[in-house]
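Listed here are the chains, written in short residue letters.
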Amino acid sequence: MSAIPALPPAEPWSLPSRGRVGMLSLIIGESGIFTIFVVAYIYYIGKSLSGPTPQQVLDIPLFNTICLLSSSVTIWLSERQIERGNMKAFGALWALTMALGIEFIIGTFLEWKKLIFVDGLTIHTNLFGTTFYSLVGLHATHVVVGLLMLTLVLIFTLTGHVKESHCERIQVLALYWHFVDGVWVVVFTVVYIVGR
Amino acid sequence: MADQTLPIAGSLDITPPRVKERATAVEWLHEWVITTDHKRLGILYIVYATFFLLVGGLEAMLIRIQLIKPDNHFLSPGAFDQMFTMHGTTMVFLMGMPLLFGFANYLVPLMIGARDMAFPRLNAFSFWLTAFGGLLLYYSFIGGYGLYGMGNAPDVAWFAYAPLTERAFSPGHSTDYWALALIVSGFGTLGTAINIIATVLSMRCRGMTLLRMPLFVWLLFVVSGMTLVTITPLTACQIMLVIDRYLGGHFFDTQAGGSATIWAHFFWIFGHPEVYVLVLPAFAIENEVIPVFSRKAIFGYPAMVAASVGIAFISMGVWAHHMFTIGMTSVGNTFFVLSTMLVGIPTGIKIFNWLATIWGGKVQFRPPMLFATAFLFQFLIAGLTGIMLAVAPWDWQLHNSYFLIAHFHYVLVGAIVMAFFAGFYYWYPKIIGRMLDETLAKWHFWLFVIGFHITFDTMHFVGLLGMPRQIYTYEADRGWGTLNTVVSIGGFIQAIAVLIFAYNLIHSYFRGRIAGNDPWDAWTLEWSTPSPPPDYNFATDPVVHSRRPLWDLKHPDDPDWKYE
Numbered sequence: 001m002s003a004i005p006a007l008p009p010a011e012p013w014s015l016p017s018r019g020r021v022g023m024l025s026l027i028i029g030e031s032g033i034f035t036i037f038v039v040a041y042i043y044y045i046g047k048s049l050s051g052p053t054p055q056q057v058l059d060i061p062l063f064n065t066i067c068l069l070s071s072s073v074t075i076w077l078s079e080r081q082i083e084r085g086n087m088k089a090f091g092a093l094w095a096l097t098m099a100l101g102i103e104f105i106i107g108t109f110l111e112w113k114k115l116i117f118v119d120g121l122t123i124h125t126n127l128f129g130t131t132f133y134s135l136v137g138l139h140a141t142h143v144v145v146g147l148l149m150l151t152l153v154l155i156f157t158l159t160g161h162v163k164e165s166h167c168e169r170i171q172v173l174a175l176y177w178h179f180v181d182g183v184w185v186v187v188f189t190v191v192y193i194v195g196r
Numbered sequence: 197m198a199d200q201t202l203p204i205a206g207s208l209d210i211t212p213p214r215v216k217e218r219a220t221a222v223e224w225l226h227e228w229v230i231t232t233d234h235k236r237l238g239i240l241y242i243v244y245a246t247f248f249l250l251v252g253g254l255e256a257m258l259i260r261i262q263l264i265k266p267d268n269h270f271l272s273p274g275a276f277d278q279m280f281t282m283h284g285t286t287m288v289f290l291m292g293m294p295l296l297f298g299f300a301n302y303l304v305p306l307m308i309g310a311r312d313m314a315f316p317r318l319n320a321f322s323f324w325l326t327a328f329g330g331l332l333l334y335y336s337f338i339g340g341y342g343l344y345g346m347g348n349a350p351d352v353a354w355f356a357y358a359p360l361t362e363r364a365f366s367p368g369h370s371t372d373y374w375a376l377a378l379i380v381s382g383f384g385t386l387g388t389a390i391n392i393i394a395t396v397l398s399m400r401c402r403g404m405t406l407l408r409m410p411l412f413v414w415l416l417f418v419v420s421g422m423t424l425v426t427i428t429p430l431t432a433c434q435i436m437l438v439i440d441r442y443l444g445g446h447f448f449d450t451q452a453g454g455s456a457t458i459w460a461h462f463f464w465i466f467g468h469p470e471v472y473v474l475v476l477p478a479f480a481i482e483n484e485v486i487p488v489f490s491r492k493a494i495f496g497y498p499a500m501v502a503a504s505v506g507i508a509f510i511s512m513g514v515w516a517h518h519m520f521t522i523g524m525t526s527v528g529n530t531f532f533v534l535s536t537m538l539v540g541i542p543t544g545i546k547i548f549n550w551l552a553t554i555w556g557g558k559v560q561f562r563p564p565m566l567f568a569t570a571f572l573f574q575f576l577i578a579g580l581t582g583i584m585l586a587v588a589p590w591d592w593q594l595h596n597s598y599f600l601i602a603h604f605h606y607v608l609v610g611a612i613v614m615a616f617f618a619g620f621y622y623w624y625p626k627i628i629g630r631m632l633d634e635t636l637a638k639w640h641f642w643l644f645v646i647g648f649h650i651t652f653d654t655m656h657f658v659g660l661l662g663m664p665r666q667i668y669t670y671e672a673d674r675g676w677g678t679l680n681t682v683v684s685i686g687g688f689i690q691a692i693a694v695l696i697f698a699y700n701l702i703h704s705y706f707r708g709r710i711a712g713n714d715p716w717d718a719w720t721l722e723w724s725t726p727s728p729p730p731d732y733n734f735a736t737d738p739v740v741h742s743r744r745p746l747w748d749l750k751h752p753d754d755p756d757w758k759y760e
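Protein chains in written order, with the working numbering: chain A, 1 to 196; chain B, 197 to 760.
Hints are computed from structural coordinates only; laboratory data are not their basis.
All the pointers check out, no bait thrown in.
Selected chain A positions facing chain B (Cβ under 10 Å, derived; list incomplete): (1) SER31; (2) THR35; (3) TYR44.
The following label-pair restraints were derived from C-beta to C-beta distances: (4) A:ARG169 - B:TRP228: 29 to 37 Å; (5) B:LEU580 - A:PHE109: 51 to 59 Å; (6) A:PHE109 - B:PHE328: 30 to 38 Å; (7) B:ALA735 - A:SER17: 24 to 32 Å; (8) B:GLN593 - A:GLU103: 55 to 63 Å; (9) B:TYR335 - A:GLU103: 40 to 48 Å; (10) A:GLU103 - B:TRP228: 44 to 52 Å; (11) A:GLU11 - B:ASP753: 18 to 26 Å; (12) A:ILE106 - B:TYR335: 37 to 45 Å.
Virtual Cβ for every residue (Gly too), placed ideally from N, Cα, C.
Between the sequences and the hints, there should be enough to build the whole structure, so can you do that?
See the structure below:
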């Protein structure tokens, strides 16, 4: 063992960020959950034994959708700002993202309120109710979880704890937000276009 | 050689000699509860899984006592249903998954030269979710109706077919315990899978390129990727079940237009890849044990990697072969027959590569290799009966008969449990620092193999004679009595073997021969550390240049990196 082995020359060495890999894995896993709910929704379209049907009660939530999708743009812009160390602009865009997200939740609340109290559609009413509230509710839950995390970041930004060096963590969190928005595209297509 | 510290670049053991500190019992317990060390969590997983191996085994023994003779009333019919439900659920979710993640937790960071997993706190969180999921499931025995009788453990079988799980057919809370326990432990599993993927991709030591990783790490990486997309459908359909039961939803409520078939689809979209999630770690252990005890490098490393990834992808598209008798279209049947048979190709590649590794080697039949060899034969037979059941008409005849039970126990016990026993004997010296007793190991091996074949070979014939699964008892004139007695006797022999194994684990912890760093003269990084490894694994980050870093070190005149 005394001989020192002649070693091959050292190679350049770089590894992907564990935060990104972890978040992307979580997104793949979450996609599995959403896939099953989406498949169930599509499978049960038109299989309800009683009303109300989607055609009778669902309105296309266009404003909501525009808000949620543009929040992806604003969070992307805020990522660019923190990369450059522009903390004021970052905070402003982050708050705007949150406002758009909160608008989406309020929109969903109003939609559900109308469905429950005006149209009499609950999760118990028929298959449409069961699949609709579960799928849209699952997505809304993810938006709420995202909003909670965005709020934490906003609080830390306002108290001056978020710095340029946290750029990567912010981007990892933004990945989740992009995912939630991406899922909405699928949910919107399935529920309000295909299913209606 | 065996007791030397190997001066692999960076891993020089500069640990000061350990001073035995006397901790009080409370301090000791506290350390284990708050730990985020991957090795301690690995041990916790393994201990947890071993405990449930014994519990699930006890349930199997009760089932076998009930079926030992015709018209037996050892258990009540309700208790019998609970026993086979809990046996299946325990063995898959509380024994199989924690055991594979225990080995992964302990070994993956050591094998890739890392100091811990990518997310140590997530790791601890995942373990405790899994642990409390298991406790929740077993609380059902004393929850609900109380301590008398059998409590109300789940009794809907491990696949819990709808609509029997709906409120109307399954009153009380037994099914809720089942669904909620699996949701909780499912999130734990998801967390660990994410952790392993991030560890493998982002924590490798210098020089550990993807194609230099030990095959064990590769396979666990593939398993974790599969877990992401298999355990989540289960979580999703459990959530649907809970919505049905608590909020009055109609997902699986056939009275309101819901479909029972779609539960079967959703469950098996999880359930079939799950089998591969469990069997790939067995392959992983084979990939480490066979080369070391054949004294040869693994044959066809790139082909092994490709075959593993191939199995992962194909296994996602075969689930409905569990459902030939449910009444699908002939196109559906044909598709799933062909896709199922396709799995045989990458699996065959693996078998031949293992044989080619053994071929011409100086084989040493130490305990790990004994189990690894038995695995090869038994897994081959399990695969062949699998091909038989993949043929739809054959499956129509034998579906849900004891032939099916014999087939999948050949996979789960004959292959997976065997390989994990090999893993126990192989890595116990590293984890504990002492060798497992070889005489007891041989008793364990021979009793277990003989018991296994008495039970499960015979069970095929019981199935061919038409005995369906999950029946409480049977009449004497069916002609199943003698064979069932033989099956049960084999089961008891296996139970004795497992008890010898459990005794060996405890006995060798105190009395085993001191192992040293590298008792098997192996080639992967974990053997370069002291046994048990220090908290930080490697004093400085190791650097590797080939797939067998310790070979390079032991043979500086003829290192592997010259040929790779």
